[in-house]
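Asks: Here is what each chain is made of, one letter per residue.
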Amino acid sequence: KQEVTQIPAALSVPEGENLVLNCSFTDSAIYNLQWFRQDPGKGLTSLLLIQSSQREQTSGRLNASLDKSSGRSTLYIAASQPGDSATYLCAVMGGSYIPTFGRGTSLIVHP
Amino acid sequence: DTGVSQDPRHKITKRGQNVTFRCDPISEHNRLYWYRQTLGQGPEFLTYFQNEAQLEKSRLLSDRFSAERPKGSFSTLEIQRTEQGDSAMYLCASSSTGAIVNTEAFFGQGTRLTVV
Numbered sequence: 067k068q069e070v071t072q073i074p075a076a077l078s079v080p081e082g083e084n085l086v087l088n089c090s091f092t093d094s095a096i097y098n099l100q101w102f103r104q105d106p107g108k109g110l111t112s113l114l115l116i117q118s119s120q121r122e123q124t125s126g127r128l129n130a131s132l133d134k135s136s137g138r139s140t141l142y143i144a145a146s147q148p149g150d151s152a153t154y155l156c157a158v159m160g161g162s163y164i165p166t167f168g169r170g171t172s173l174i175v176h177p
Numbered sequence: 004d005t006g007v008s009q010d011p012r013h014k015i016t017k018r019g020q021n022v023t024f025r026c027d028p029i030s031e032h033n034r035l036y037w038y039r040q041t042l043g044q045g046p047e048f049l050t051y052f053q054n055e056a057q058l059e060k061s062r063l064l065s066d067r068f069s070a071e072r073p074k075g076s077f078s079t080l081e082i083q084r085t086e087q088g089d090s091a092m093y094l095c096a097s098s099s100t101g102a103i104v105n106t107e108a109f110f111g112q113g114t115r116l117t118v119v
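So the sequence lines, in the order shown, correspond to chains A and B.
Note that the first sequence ends on residue 177 in my numbering; no numbers are left out.
Note that the second sequence ends on residue 119 in my numbering; no numbers are left out.
If you are wondering where the hints come from, they were derived from the structure by calculation, not from laboratory data.
Just so we're clear, the structure is a prediction, and the values are computed from it rather than from any experiment.
Check each hint, because a few of them may be wrong.
Stated by the list, open to error - Footprint (simulated), chain A over chain B, 3 or more residues, beta carbon under 8 Å: (1) 13-20; (2) 40-53.
As the list claims (entries may be wrong) - Using C-beta positions, here's what the derived DEER-type ranges look like: (3) A:PRO148 with B:SER69: 38 to 44 Å; (4) B:ARG12 with A:ASP133: 34 to 40 Å; (5) B:SER69 with A:THR124: 37 to 43 Å; (6) B:LYS17 with A:SER135: 48 to 54 Å; (7) B:ASP10 with A:ALA144: 33 to 39 Å; (8) A:TYR163 with B:LYS74: 29 to 35 Å; (9) A:ASP105 with B:GLU47: 16 to 22 Å; (10) A:PRO177 with B:GLN83: 44 to 50 Å; (11) A:GLU69 with B:GLU86: 25 to 31 Å; (12) A:THR71 with B:SER61: 17 to 23 Å; (13) B:GLU71 with A:SER94: 32 to 38 Å; (14) A:ALA76 with B:LEU63: 22 to 28 Å.
What the hints assert, rightly or not - If the Cβ cut is set under 7 Å, some of the chain A residues that face chain B in the computed set are: (15) GLN100; (16) LEU110; (17) SER112; (18) PHE167; (19) GLY170; (20) ILE174.
Don't be surprised by glycine CBs; every beta carbon is placed ideally from N, CA and C.
Model the full structure from these sequences, guided by the hints.
Replies: As structure tokens, then:
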């Protein structure tokens with residue numbers, strides 16, 4: 067059974083810092099990995115999708131990398147802003163075609 | 004198309020009542036997922052459809068839960084005889100299958116259920 071772990075569980079930083087959020091998974095036989103953002107009481111917003119054949123994806127200040135063989139992904143947020151405050155979730159899709167989620171990293175960026 | 008739509012956004016019900024939620028996926032998406040999320044947890048998988056076929060159900064989905072996707076378009080999730088432990092955010096997601104790659108999943112805004 068696939069298990070997804072996200073570290074740290076919570077993070078509080080001053081504005082402007084560069085951040086790294088970590089996601090690890092136990093079964094490396096995945097099709098893709100997706101990072102999401104979730105604001106309190108809201109649904110999930112897709113940030114980045116990395117196919118299993120890719121090493122990284124970038125969107126604006128976000129960069130996600132994937133090391134499938136070691137079961138790890140990182141989400142890098144450059145020059146963090148208070149508007150980045152949210153919970154960040156990663157999900158992996160394997161042979162079942164069902165995304166499996168971690169518990170998320172709760173991020174607070176204070177001015 | 005404006006994305007995945009869920010209705011209602013909020014539902015308060017008394018214990019023992021039945022509730023039904025609706026999800027309208029992105030129109031060209033053939034996969035549809037239901038998840039449940041409680042405070043501080045990641046979304047937990049409930050069930051999955053490809054077109055109108057329900058391909059997988061989690062053991063979390065007790066016999067009080069039923070989901071349908073008639074005609075492979077919108078889906079409904081019904082909870083019978085609700086219990087306080089059913090209080091959660093119910094999330095719907097959709098994606099499409101590609102010839103080579105699996106595309107990203109898009110989520111709706113969720114239905115917040117409170118059982119009193």
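Asks: Which numbered hints does this structure break?
Replies: 1, 8, 20
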